[in-house]
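> Here are the chains, one letter per residue:
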Amino acid sequence: MTMQVGLKVWRFNSRTGERELQEFEIAAPEEATLLDCLDIVKDQHDGTLAYRKSCRMMICGSCGMRMDGAAVLACKMRMYDIAQAGHVPVISAMGNLPIVKDLVVDMDPFWEKFNSVNPYLQPGYEEPPDGKENLITQERMNVIHKEALCINCGCCVSECNAMEADPLFTGPQALAKAMRFVGDPRDGQKLARLEKLNGEHGIWECTRCYFCTERCPKGVDPRDAIAKLGAESMKEGIDRDMGAKHAKWFVTSARTTGWLRETELVPKTQGVVAAIKQTRFALDLALKGKVPPPFPPHVAKDVKESRRLYDLVRDQGRDGYAGIVQGERALGRLSHGHGVGDQTLEEIYDRPGAYHRPFIADEEADA
Amino acid sequence: MRKVAYYKGCLASLSAKELDSATQALAPKVGLELIELESVTCCGAGDIHEAEPDYYLHLNARILSYAAAEGVDTLLTVCNVCTLNLRQANFMLLGDTELRARVNENLVAVGVPAYEKDVDVRHLLWEIAEGEGYELLKVAAHKGLKGLKIAPFYGCQILRPSKIQGFEDPDRPWSLERIIEACGGEPVDYPAKIKCCGFPIIQAREETALGELIQPIEQAYEAGADAIVTPCPLCHLSLDAWQSKLKKTTGRDFKMPILHLSQLVGVAAGLAESELKFKRHVVSVKPVLEKLEA
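So the sequences go chain by chain: V and L.
Take 0 as the starting number for the first sequence in numbering that gives the first Met the number 0 and just add one per residue.
Take 0 as the starting number for the second sequence in numbering that gives the first Met the number 0 and just add one per residue.
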């Protein structure tokens, strides 16, 4: 059985800067993926269309691109439902990377960041004394199970909000890869790695937008990997970054008053001197009641329970990344949810002014 | 009237008290009887999850336990970050009996009831975007917004990760638009409505955060919005209080009023200024209110 598929593809030539939204209408088998459809376009309609592909089975990581503004692996994306709904998706190159031609991006900045985390095992672990094989338990491997699934496709990097604002941010892929080695018991450079990851463009620049986790076609969950790196850094006493101090103040607040001690958060994060420089800004906020006085503190009822919980669990060996890994089994069972409430999908698509293509603002403006 | 446990979180308790008072006043009009939880703490805001993840789980289990102890099946939140932190901890516990048993043992050891009966954590947005809450909202919003152009700003953690939140398609959300329309306003559309406001790193990496913050404000401004509405008090703080810093970096003064979800619906439902507390905003909401009266 065949189906009719409509595609709008952003063509781009980096030499001339010319861009054009080109529409195609093709006949494809009902089981066709987006990649199959592009192959049909290239084979039967326009041989000049450029895109990357190789394995066609979600393991080489070549065919990352955007559909309706969201990064996908073209070979994973089945087109049947979209075609049946009569929707014509917009296909464009991934974000946060320079476009070379059409759907092909320059992956050099991606690989630079990938290489910056030394993505290979470094010697230094303790050999078993009897010269036997170094057996790693399943429990130890579970720590990096998700991170080890990464295929370097770049879908997470494409949507990273922090990287849009600061292109130097190490980014979700490289940081997830870093966790894959930090959590590997055979690696001998854990502390040196964590030190480096606590740098200016490291883990504390993550803005927790969760786009990486949402987009990853392999379930890597880079945001979780970054949280694991943060927790492990703190466990090892690497907490000089403002981001780490910020996080620690929440712990202190929860233990002492129960609620966040907001007013003290700035000096505790940035230091007293930097906080004084913010005085003018803080005064403006204070006039509106946005700077609650620290005294008397706003104390939660029964806060001693929260304090005792802290003392109790800190000795149970689930600090650092172990505290996050323990929840992965349950969270791993959840599937992505796209609820439509009591409306139909058509009602949502047809809403006047509904924005169907969230991330291709620049291209849209030119259209 | 449906009884729900109400967890207001840190900001609505302190710097965003206007969110709490507007929510308390609005709740009965949309069929919710709020039972405010007292013996609860901060959810950790993602920070404790990253600093002391095991403590994060226990803190949230304690909140869930006290909600369950009220005999309700829903824990109502008014913050994206609280919603994600509580739902994540809840799924960790509901999906792993061993883990739940261990956490419960610890809770009991410090005098907290074990978290036995399940509760569902739901944001106010979800309660009024569909079903009975939505029907009541349509009736309550009788004063309307008289065609005001409102830019919905979802923020991140109410949408993503969708495996934990899952209420709506994270790329094509519809709940805020539907509520704006029900209140007689006109939703304004712009790409950054589902992106980050920069708040989590606004202190540790201000420059990067401001690079994110500018997007929704500039885009909503250029789309002709009279105001932005958000379901998250952290987004609100960032968009409202840090907006003035954009003057320095971009030379532009947007003066874009930012409303909490409860305030927007509250205006349409005719709540009093004493409940809406617009005086607590940094960017004046006056132009919006004047346009309504005109």
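Among these hints, one or two may not hold up.
Capping the alpha-carbon separation at 30 Å, the derived lysine-lysine pairs in DSSO-like fashion look like this [said to hold, decoys possible]:
(1) K267/V <-> K278/L
(2) K287/V <-> K116/L
(3) K195/V <-> K234/V
(4) K303/V <-> K16/L
(5) K287/V <-> K246/L
(6) K247/L <-> K145/L
(7) K267/V <-> K217/V
(8) K244/V <-> K290/L
(9) K290/L <-> K276/V
(10) K300/V <-> K116/L
(11) K234/V <-> K287/V
(12) K52/V <-> K162/L
(13) K300/V <-> K276/L
(14) K267/V <-> K246/L
Estimated spans, in silico, between C-beta atoms of each pair [unchecked claim]:
(15) S334/V <-> I34/L: 28 to 34 Å
(16) E37/L <-> M140/V: 50 to 56 Å
(17) G236/V <-> A271/L: 27 to 33 Å
Everything labelled a hint here was simulated from the structure, so no lab data went into it.
Cβ coordinates follow ideal geometry from the N, Cα and C atoms, glycine included.
> Hints first: check each against the structure and report whether it holds.
So, going through the hints one by one against the coordinates:
1. K267/V <-> K278/L: Holds - the C-alpha atoms of K278/L and K267/V are around 28 Å apart, at most 30 Å.
2. K287/V <-> K116/L: Distance of about 41 Å is beyond 30 Å: violated.
3. K195/V <-> K234/V: Satisfied, since the Cα-Cα distance of roughly 16 Å is no more than 30 Å.
4. K303/V <-> K16/L: Roughly 25 Å between the alpha carbons, so the hint for K303/V and K16/L holds.
5. K287/V <-> K246/L: OK: K287/V and K246/L at ~19 Å, within 30 Å.
6. K247/L <-> K145/L: At roughly 34 Å apart (the allowed maximum being 30 Å), K145/L and K247/L break the hint.
7. K267/V <-> K217/V: Violated: K267/V and K217/V sit about 38 Å apart, past 30 Å.
8. K244/V <-> K290/L: violated (44 Å)
9. K290/L <-> K276/V: violated (37 Å)
10. K300/V <-> K116/L: holds (22 Å)
11. K234/V <-> K287/V: This hinted pair is violated, its Cα atoms lying about 38 Å apart.
12. K52/V <-> K162/L: holds (28 Å)
13. K300/V <-> K276/L: Cα-Cα ~26 Å, so holds.
14. K267/V <-> K246/L: holds (26 Å)
15. S334/V <-> I34/L: 28 to 34 Å: holds (32 Å)
16. E37/L <-> M140/V: 50 to 56 Å: With Cβ atoms ~44 Å apart, the hint is violated.
17. G236/V <-> A271/L: 27 to 33 Å: Distance hint for G236/V, A271/L is violated at roughly 52 Å.
Violated hints, in rising order: 2, 6, 7, 8, 9, 11, 16 and 17; the structure is consistent with all others.
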